[in-house]
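Residue numbers (this note's numbering), protein chains in the order written: chain A, 1 to 323; chain B, 324 to 450; chain C, 451 to 614.
Some hints could be false.
What the hints assert, rightly or not - Listed next, with one range per pair, are the computed distances between beta-carbon atoms:
(1) Glu367/B to Asp259/A: 46 to 52 Å
(2) Ala489/C to Gln395/B: 28 to 34 Å
(3) Gly590/C to Thr189/A: 29 to 35 Å
(4) Leu487/C to Glu146/A: 47 to 53 Å
(5) Arg40/A to Gln357/B: 51 to 57 Å
(6) Leu458/C to Pro394/B: 49 to 55 Å
(7) Ala489/C to Gln357/B: 53 to 59 Å
(8) Glu367/B to Gly268/A: 54 to 60 Å
(9) Gln395/B to Arg54/A: 45 to 51 Å
(10) Pro91/A to Thr388/B: 33 to 39 Å
Everything labelled a hint here was simulated from the structure, so no lab data went into it.
Fair warning: this is a prediction, and the values are worked out from it, not measured in the lab.
Note that CB positions come from ideal geometry on N, CA and C, so glycine has one too.
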Amino acid sequence: MTLSATSFQLVADLVRRRSAIQLTPGKEYLVESRLLPLARDAGVDLETFVAGLRTARPDVLTEVVEAMTTNETSWFRDGAPYQAMRRTEIPRLVEARRGVGRLRVWSAACSTGQEPYSLAMCLSETLPPAMSAEIVATDLSEQVLERARSARYTQLEVNRGMPAQMLVQHLRRVGTEWEIADELRRMVTFRAHNLLDTPPPGPFDVVFLRNVLIYFDLATKRGILDRVLRVLRPDGVLVLGAAETTLGVHDGWERVTIDRTSVYRPLGAAVTTIPAPREPLAATGTDGPPGTSLPRGPLTAHRTGHHAGTPPTAVRPTGGAAR
Amino acid sequence: MRALVIDDSRTMRRIVAGTLEGLGFETLQAEHGQEALDHLEAGEQVDLACIDWNMPVMDGLTFVTKVRANPQWRNVTLMMVTTESEHGQIVRALAAGAHEYLIKPFTPDAIRDKLDLLGLVPVEEPA
Amino acid sequence: MTTTTVELDQVHAIAQEVFAAMVDGDLGLLLPWDGALPALDDAIVAWVDLHGEWSGRAVLVTERSTAEDLARALLGLGDDEAVSPADLDDAFGEIANVVGGNLKSLLPNPGTLGLPQVGAEVPPVAGAVRAQHLPLSWRGRLLVVDVWVNLGGTSTTSTTGGTR
């Protein structure tokens with residue numbers, strides 16, 4: 001069965017709007033194989049299912065986007081933020097924390113672990129001997145956290161954004177996979193966390209909150225940024241995703257441009273004292289899973305010998321507690 | 324920008340060249356290291372070389388060594404594209420002067436990621 | 451009695467990664483074969499020899515029409531485009547090469563890899579046993595990955611000259 005060009009375009013447009021990911025012509029087979037299970041569940045054929053997306057409920061659209069988004073998890077994602085950390089922020093914070101002897105970092109949407117381990121690599125290469133670092137890495141999904149704790153990655157995964165120099169320095173081969181070095185693993189603690197809840201105990205010097213705010217409506221974003229502000233040191237730094245900003249969202253931050261990227265620091269020492277209300281999930285307009293656990297295709301769910309024949313179960317916004 | 328794709332497999336050359344062309348590169352092909360050197364010696368401008376390791380006549384590691392020994396070619400970025408994925412092999416290639424290393428099998432996205440790392444992404448992606 | 455050379459799940463993982471990256475773009479399309487193995491009408495075989503701590507041969511077997519579709523997927527050809535015999539051999543051989551190359555890198559010391567070869571049947575390897583046998587389903591069609599290991603210590607020799 002071949003998807004019609006119109007239907008393919010409909011899905012491509014939807015995915016691009018929701019995730020900025022481009023489904024180029026040539027990926028029709030991918031769309032068919034990923035959406036067929038969804039169409040079957042709905043009891044209709046693929047064309048009917050896709051046509052129905054024009055008027056579908058937000059959670060159905062979310063499911064489609066999640067089923068289609070390919071593995072976007074890469075190491076040192078976007079490059080420039082990590083360079084900014086190396087060149088400016090880490091040296092600055094090291095200077096400021098000489099008495100403390102330690103930097104604390106929160107990777108707040110850590111998924112399968114590439115971000116916190118990338119940070120660990122940066123820190124291990126830039127921290128002076130007298131300084132240590134502790135990285136708290138959180139995500140909504142226990143499933144991805146298990147993967148992250150294992151610190152093992154397939155060759156396809158290590159091909160994504162990892163400089164070869166880093167690969168040989170910080171990972172070793174185990175069978176067909178690559179494993180993060182022990183001294184880096186010791187820097188990272190993984191735990192489940194919902195961004196709508198009270199943050200892990202601070203204070204932190206660095207918070208990475210990348211590509212997860214996009215799933216929330218404005219009020220929820222503000223609440224999350226409030227809570228981050230409360231656990232971030234006044235001279236600490238917040239790093240968002242490449243296309244994200246606090247401008248127009250939360251006025252407690254100062255944007256600082258470093259080379260080709262922006263980072264955010266708490267404005268003065270001002271911290272909003274308005275308690276952030278616990279937001280109900282699946283508010284209208286929310287079109288993604290709360291917390292983290294970014295949509296991943298089967299490529300990231302893959303482990304040796306345990307491949308999934310179908311996309312992983314989507315985390316659906318529900319009216320009650322997060323999963 | 325121009326890329327030289329060096330692999331004894333015509334299929335692999337087509338795959339790599341196809342991906343690079345989609346990213347805006349002009350491509351040249353060579354079946355082994357000696358043919359690739361011939362291109363360089365003939366004065367062809369090359370910004371990036373994607374190099375297989377195991378090839379007849381002259382293998383990829385030898386090609387890398389020879390390019391890095393010639394100051395004339397210091398602006399040629401060298402990326403291995405190979406199934407050789409033992410830790411020690413990657414170290415050898417980097418020590419010989421390769422700038423990057425892509426393990427086969429790879430996805431088009433992975434090539435793009437490596438080009439980003441190398442600062443070799445063309446200004447605008449073709450429509 | 452069998453030396454542990456490569457594990458079945460490693461062969462499976464390698465095959466899946468090769469197909470996901472270069473053929474399908476999706477892990478879900480290469481699955482274990484379910485049920486009895488059908489006879490192949492017009493079989494085509496690609497193999498590559500490995501030499502290292504042990505000598506062996508990685509072999510791919512499938513029907514010619516399946517191999518042609520594999521070649522189309524690799525080369526980005528349309529469903530109706532003809533695949534020349536040369537393109538077929540090169541593409542199918544390259545899949546064996548990448549699978550074999552990844553198997554080789556599981557060996558403790560860097561070994562060597564022979565040139566991929568393609569034919570109607572694989573020449574027998576004296577003194578070798580089939581250490582792994584992995585029947586797979588690619589888009590519903592049979593593709594078998596076998597790993598032969600030479601326990602005698604003598605290297606496998608190819609009986610036909612393979613050139614690309």
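Which of the stated hints cannot be reconciled with the structure, identified by number in ascending sequence? 1, 2, 3, 4, 7 and 9
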